[in-house]
Amino acid sequence: MKKLFLLLALALSLFANQSKSAIQAQILEKIFLNIEMGKEIVLWSDNKTLIQEFEKTGHFKTTDDCREATILIVEEKKNLPKKICNKAVFVLDYDLLRKIPQSFGSMFWKKGRPNIVLIEPRAKKQRITISKELEMYNEEKIW
Amino acid sequence: MVKRRELFIFFLLFLLGLFFIYTYNEITKAKEAIFERIEKHEIAKISYVLENMQQQILLEASKHPSKDLLSFFQNKKNAKMYEDMLSMMLTSDVKYSYILYKDTKEKFRFLLDASKTDKANFNQKFDVSSSEYNLLYRTKKPQIIRGQYIENLYITYLHPIMQDGKVVALFTIDFTTDIKTIILESIKPLETLFTLLAVFIVIFMSMTLMQIFHYFITRKKIFTDPLTKTFNRNYLEEISPLLNLEHYSLAMLDLDKFKIINDTYGHKAGDYVLSQASEVFKDSIRDSDILVRYGGEEFLLLINNRSKTKSDIDICERLRKNILKEHFSYDTHEINVSVSIGLHKYPYLEKNLQEAIKIADKMLYVAKRSGRNRVICYDEKASREDFSSSADISFVKEAIDEDRVICHYQPIYDFKHTRIFKYEALVRIVTRDGKIVPPLAFLPQIKETNIHYKLTQRILLLVFETFKNNNKLVSINMNFSDLINPDIEETIVRNLRDDQHLASRVTFEILESDEIDDIELFKEKINLLHSLKAKVSIDDFGSGYSNFKTIIDIEANFLKIDGSLVKNIDVNAKDFKVVKSIIHFAAQSNMQTIAEFVHSKEVYEKLLLLDIDFMQGYYISEPKNYLVESDELFKIL
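Chains as they are written, first to last, in my numbering: chain L, 1 to 143; chain Z, 1 to 637.
Treat the hints as calculated values from the structure; they're not laboratory data.
Please read these numbers as outputs of a predicted model, since none were measured by experiment.
Glycine residues also receive a C-beta, built at the ideal position from the N, C-alpha and C atoms.
Some hints here could point you the wrong way.
To be verified - Here's a subset of chain Z near chain L, in silico, CB distances under 8 angstroms, partners left out: (1) Ala120; (2) Asn121; (3) Lys125; (4) Phe585.
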């Protein structure tokens, strides 16, 4: 947990020098490194810049084909592939948690600060285990 | 003058530079102070409004059945009302205004969000990373978070909402202001001006420094002798008005027989010896002493007497010994040099530096006459009185006018026949109060002046008068300039031409060390003396630079061997050999030899081993104001 806090603090201090996408990618990577879903995490996103940032670090596999992905990172609901509804979704806007039922978490900017929300019941339903490191971001429901 | 002006400009620029640095620093400080005041003012305004709002909220919430803020704001009507109220704070600077609370799991959540953009839902979690949020709960005091450039947030102001002495929630106001940028932009021309001025000052300071550097280089050139790298007379003139003679002793140094080096090995060798000798001088003195090349092979040394570690006489002795043990090698020749030093311990007693130099020069002359390679110190105040009274030309002139010039006579001993061979006439001046002044006190000052010739004339007359009516022989000292003086010549001719009895008993001792630049004229004058039946002696032979051929050509009757060679003959084997060689040379050239400076029994006995003809010195008899007889000899010691 401390590590994640440190990352957030680091994100704030580094923000002046790094792009928003790079910070976003670093936070997301930290989140995905602390979740377990029984299979290899392969990322797909409608935000191509974000995918490029993931590719730079090489911690996770990325794909252009959403069918090969295990987690879809969605910035806008209209970009969510209609056919593959059973994939785990991580959204980049708090309101999308409400709009996309299979989304289990969100990383978004609120009042200029990075925020993380993980919906615990949805994660459980999708057999996603969230480590203790991320416990403080767990929420039972969407407000 | 250049130095003062340049230094003044540099100092002025330096002060100006300091002033600009100070002003720039003050402006920077003022800038920070302005930002701080603006920030405080903004926060004070916001704080005031929030305080009122807090009271209002708590008052209304207390009327609510549950009385807690969560339930109060769950009511959409209440929330709407206070959102509207809070949104009144939103301005172009204030971007977000909202109320947070901390839930039981220590998570911060929104109670109310009056922001027009990026609005949060009621009870939505809000991740905070700054410690000030928790600090506010602990201290119950407002907190300020400065976070420049994070999503344009400049300051986050946290204000507690207190209920029953506890923090139940907190106002959060995020405001962004570009006032700092505006101020920075406004003062940028001023900063640029200061930067430019600073650059100009640095350039001017550099130029002034270069000028000063150039000045000192030029000054060094002007005041340094190029050959010896010591100070020159320009420097002496420069410092003399500022020189406090009370802090110095003054020494005149002269390399002995330097002209021989020049004549024997050439001027390049002379220059080499001079530069090397000056290095030895420099190594032998201290940093506080001042060495000046006074002219030719003559140096002036100002010995600082403020440091009591070494006395002036010690320094002079050290200098003399160091020169003596140094062997200068030039073009396969090994050249040994000695130095004579005249020291004046109290130059401040003189009228000025020039007068003090004259005294030191006099001591140098004494050192030279006493056999060279020695330090003669002038520090007795009693003798000062004598010397100072006799130091000028008028003293001699008055003595001549008032008939106070006398002669003392020192016997020249013929040891083979144990009899006085002849007498050497030595000049003295009697002061008005009856003191006898030796020639060293006044001769150097009158050298080659008209008074000198008059004095020589007076001596000639005195001697002629004394010896006219007896059968004794006498020697009179003369130098080349005397010899060629028409008045002196006339005196000699007039007195000796018609008195052959007197002429045949007179010997003219011509100083070998004097510069005889016109050999033909010299020979002519010697021939004149010979024609008068007078005899000629070469005085101080071995001390100068005689051309042996000239000595032989003039057919001198006597060679008087220089005292510096004789006086150490008992202890110095080299001197013994030189004297022996001179005696041999004289014998081969039909000249008789006289050894002067016979000051001890040892010297006398050593001379007996050589085929010397005559001897003269204090061991035999000191000069007397009368003609001593044989039975008065050898009684002085």
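Against the structure, test the hints numbered earlier, and report the numbers of the ones violated in rising order.
The structure conflicts with hint 4 only, although it agrees with all the remaining ones.
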